[in-house]
Structures are given as C-alpha cells and as structure tokens.
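Visitor: So you can see what is in the structure, the chains are spelled out below.
Number of protein chains: 2
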Amino acid sequence: MNKTLIVGADVGGTSVKYALVDAAGRQFRQGEIPTDPEDPAGTIERLAATVQDDLPGERRIAGVGLACAGIVSPQTGLLGRSPNLPGWENSDLAGAIRAAFGAVHQTVANDVNAALYGEYRFGAGRGCQHLVMIALGTGVGGGVLVDGTLLTGFADGAGEIGHMVLELDGAPCPCGNRGCLEAYCGSVGIVRRARELARGDGATDRWSAMVDARGDDLTTRDCYDLAVERDPTALALFAEVGRRLGQAVSSLVNVIAPDRLIVGGGVAQAGDLVLGPCREMVAAHVMSSAGQNTPVVLAELGPFAAAMGASALVTESGATP
Amino acid sequence: MNKTLIVGADVGGTSVKYALVDAAGRQFRQGEIPTDPEDPAGTIERLAATVQDDLPGERRIAGVGLACAGIVSPQTGLLGRSPNLPGWENSDLAGAIRAAFGAVHQTVANDVNAALYGEYRFGAGRGCQHLVMIALGTGVGGGVLVDGTLLTGFADGAGEIGHMVLELDGAPCPCGNRGCLEAYCGSVGIVRRARELARGDGATDRWSAMVDARGDDLTTRDCYDLAVERDPTALALFAEVGRRLGQAVSSLVNVIAPDRLIVGGGVAQAGDLVLGPCREMVAAHVMSSAGQNTPVVLAELGPFAAAMGASALVTESGATP
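Protein sequence lines correspond, in order, to chains A and B.
If you read the first sequence in my numbering, its first letter stands for residue 1, the second for the next number, and so on.
If you read the second sequence in my numbering, its first letter stands for residue 1001, the second for the next number, and so on.
Hints listed in this document are in silico derivations from the structure and should not be mistaken for laboratory results.
What you are looking at is a predicted structure, and each value in this text was computed from that prediction instead of being measured.
Every residue gets a Cβ at the ideal spot worked out from N, C-alpha and C, and that includes glycine.
Warning: the hint list may mix true and false statements.
[To be verified] Derived contacts from chain B toward chain A, CB cut-off under 8 Å, selection only:
hint: 1; residue: 1038
hint: 2; residue: 1039
hint: 3; residue: 1071
hint: 4; residue: 1078
hint: 5; residue: 1161
hint: 6; residue: 1169
hint: 7; residue: 1175
hint: 8; residue: 1235
[Unchecked claim] Derived, one-sided and incomplete: chain A residues facing chain B with beta-carbon distance under 7 Å:
hint: 9; residue: 255
hint: 10; residue: 285
hint: 11; residue: 293
[Said to hold, decoys possible] Which bits of chain B does chain A cover? Going by a derived footprint, with three or more residues having C-beta under 8 Å, they are:
hint: 12; segment: 1025 to 1034
hint: 13; segment: 1140 to 1154
hint: 14; segment: 1253 to 1262
Next comes chain A alone, as it looks inside the complex (with noise of 0.2 Å):
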C-alpha cells in the first residue's frame, strides 16, 4: 500500500499544475506541464508520461484527481461549458485519465471546487465543516463545501459566486450582463474601473498619469503599488473593491453560515486594502450575531491549492496510496 502515490492535477487555459502525493497527503513531488489548448486527451496522455519518469522505483499511480476550469460533472467525468478552455469543451475527462493511466481510481471536479476542497483538508479551511471560496482572478469563481461535502447542485451549476448580482443594471461584467461581483471584483473589472476614475474629477495627476503611461497593459497590480505608496485614488479604488466583495460575502454568510470564508486568487494579494472593508459589511450586514464575526480569510496554500484538493478527492473516494 505505500509503495502507491496520488496524481492530483490541476489544468489550467496555459499548463497543467500536478503533485504526487503519498497517503498522508503530503507532497512527493510537484511540476507543471504546458497545456494543449485544442487536445484533451493528448494532454493528458503527456501528464501521465512526465508522472511516470518523475515516479522512483517502487512506487506506482494509485489514483488521479484532475482539476479544470469550467463546468465539470463529477459523476459523468464530462466537462461542460469552459470559458478558460474552449478546446476543452464537452470532452470526457474520465475517459481520457482512463486511456493515459490505465485502471486507477480517478475523479474531476471544478477547479475552484478543488482550490477548496484543498484548503478544507490542508489549508486555511482545516477543522471546519461548512467553508465558502471565492476565488478573485481574471474573472471570479467560488465554491461551496457543506458537512465536508462540496456542493454541485443542480446539473453541477453551484459556486458560481462571480455572478451574484449586486446591482440591478450596474457595471458592466465580461459575463455580459451588468452588476456581477465579477464586474466589481475580477481585474478585468477592477482595471475597468481603474481607467474610469483616472478620467474623472477626482482623481489624484498620478494615479491618471499611471493610467495613461500603462495604456493597454494596466494591471490591478500597477493600481496595488500606488496603493502601497498611499495614493488616494488607489486607496479609493480597493476600498469599493472591499465594499463589493463585502456585499456578496454579507450575503453568503447569512444564506450559508459557513465557519470560515476563504478569499483566493491573485487580486487577494491586496490583502487588508480588500479584507478591511470586506469584514466590515459583514460585521453590518450579518443577521446572526455569531455570524458577524466569520473569519474571512486568505488562502493558503497557493497556486498548487487545486492539484493538491484533487488528489485529496481521488484518496477520499476510495484510491488508498
């Protein structure tokens, strides 16, 4: 039995993030492959031969969790609707790790939905039952997990948090309608709204002049530094971030009552200039007292957080490292 390790994976629209894992759950090794954005199964098949040179001597692939972006059935392996991998869509990626690593035990599952399944077992959700994930990337995702159980719903259409309306006929989101948290919270919202402010009255000469001189290229992470250097504008810019994401947390928690709320992705990095405000709203707006206080807090465990909730998925349904 230990001679035997996990793949948990991770794909992603440009590489597949993977870690071998043993039974205790701790990582072997780590790696990443380019993705193929047109062949699933190729890239797969690639996956499970880099796997196979990394793997000493001994040891043999008990079971593969993959993780993807997109609209994924754990009970079918077939992925739906994938924004981040149109190539993808509609393949089946049970029969795809069945093909490239022979009988194992295997599972898919969203990748948000993996990112917590990861922090619930190794990260920032540990010793919890009930957890809410909401990733702030490009765009915004989430996840549920309730009794331990990761929530897919109805034809496998849960945690779709990013489109949460916040405000009837409000900015515009990359979804197409308007009012989204994505539209408020993602970065292709927040530099939307970043190139607003810098055309308007009250913005401060430098956060405009950082606009203009980035053009196309701004990033929130242009707006993070002059954020870190104070600029009120910036300052301004993260706050309604904060406010935003507080809207929806507020929201979660007195639908949910998770024990914990876990912020991830890489617009988090700004931290407390977003969590300020954030825990804010949710000490106003949440009904149970108890509730007011839910720690919302950052994830942990980085950018493998999904390959390694993946692996943890395949252990618990049945592969024994």
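Since the structure of chain A is already known, use the hints to place chain B on it.
Guide: Using the frame of chain A, we list chain B on its own:
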C-alpha cells in the same frame, strides 16, 4: 407501532398550529391554540393537553416536532434570538417538550426550515434533492436544503435569505440596515414603497387615493387588489418586487443550484405578478444554462406547512409512529 401518532407544531407570534400525523405522513387531525407570548413552557403544556384530548382511544404520541420563528438549534433544543417571540428568547424548547409530553422522540427547527422540509416531503419540493425556500411575509425568511438535509450552518445562522444585500445604501429594512431583500419584498417594505409611489409624480390618481384612504391600515392586499384591476402603478410596484426577488433568486441559483426554488408566504399570493419578473431575471442572470430554467414555484402546503414539516423531521430523527 401503528397505534402511535406524531405531533408536528408551528409556534407563531399569535397561535400554535399543530397537526397529528400517522406513519404514512397522513394528517390525522389539525388544529390551532393561542400562543402565550410570555410563557413557552405553559404554551407547550397546553399543546400537550389539547393534543391528548384529540387523541383517539388506542393511539399514543410517539414524537413531537416543534417549529419556531427565530434562531433555533436542533442540536441543543434551544431558541435564541426570535424577533416575533421576544418573550420566548433563550428558552429550552426541548426541555419544555419533555416536561409536557414525557419521554418522546422530539426535534426542534426554525419555522421556515420546517416549512421547507414539509414542502420537500409532501408539497412543492417532492422528489428534489436540493431546495431553496423564500417566505415572503411581514419579513422575509428562508431555508436551504442540500442533499435532503436542512442547512443550519455555523451557530445555526444559515437561511437568513431576507438579509441578502441587494443594494448598497438601498431601501431601509426593518432590521435597521439598508438594501436587504426584505426591504424590497417583505410586506413592510412593499407598503413603504407603495406610499413612496403615491407621493411621487408618476402614480395614478386611483393609486394615490387608495393609499390616502387606507392610511396607516394600508396592506399589500390593498395594493394587490388594484394590481388585479390592472392599475399601472400597482402593476409597476409588483413588477419591482418581482425584479428584486429575481435578483436574490438569481444569486441563490448561481451559488447553490437548487432543483427548485419555492416561494411561500402571503406576498407570494400575488403569483405571476411577482414570479413572472422574477423568472425573467433568473433566465437572464444565471450562468448555468440548466440553471436558467430552474423552476421558481409557489409553496403548496399552506399555513400548516411548518407543522407538517416538523412532524416529518421528528419521524426521520427516529420516531416511528
């Protein structure tokens, strides 16, 4: 075994509704007694005496399920904060049941959770696994059922759907905050908005006259009566209520992906005037294409839903009538 019955009871601010239910979940009898707003133990004793009087000769009580407005802990049997029953706050419901009924199986639950469970077992949610319920009354309550189990969450704080934040600095809510779902879709909020419309320029003469004439006695029923007669201001009011309900429902479907969403409570009697615009919002704002068609349906069980649900909860906790 078939000589026993289960009591399901729902404690409201003015009356306790109860149902005597047999092994198949069939109502054997139902009734109502007054709630003593200052005396939980006395009220529950009177319930026991009334139920014993109703009991046919050879039957005995095998279990008691008690639903109550407020924060109820099924684990400890305690009632916490309860805006509708302030004199019952911090009382030991489980202890009062034991004192009045003796050593029977018992369970306690929040009233909307119990109503949701009733709909799940006997009404609009039959055959579903995941459900969300919104009760549109004076206030707005809610409940969430995941994989057939009621979600209570950390410190029993889940289900406060009425305080999802629909608008930053929005309409005043009875809870003291602004912008909550309840501020737009509870009858207090609807009546407030009805008066606001009457004071504005756009209202019909008929609307303004009705609001004036009813004065402090204005109810959502008065508003509904004009909507039935196609008064444009009344129709616009209920369309607004439906859009706000739809904003919350869209977020709930995006996050939880229930099989169905059940709308109950007095305001729900406005039916398609409210549910029509709500369903349009869901079709527009839900990401999952399956979720866009999530059935948004009216509750079916009526005022004894929570009593029926409480009886089912105690049956499934181990009491076998």
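Visitor: With reference to the structure, classify each hint as holding or not holding.
Guide: These are the hints, each one checked on the structure:
no. : hint         : result
1   : 1038         : violated, 23 Å
2   : 1039         : violated, 25 Å
3   : 1071         : holds, 7 Å
4   : 1078         : violated, 13 Å
5   : 1161         : holds, 6 Å
6   : 1169         : violated, 10 Å
7   : 1175         : holds, 7 Å
8   : 1235         : violated, 18 Å
9   : 255          : holds, 6 Å
10  : 285          : holds, 5 Å
11  : 293          : violated, 10 Å
12  : 1025 to 1034 : violated (count 0)
13  : 1140 to 1154 : holds (count 9)
14  : 1253 to 1262 : holds (count 7)
Hint check: violations occur at hints 1, 2, 4, 6, 8, 11, 12; the rest are consistent with the structure.
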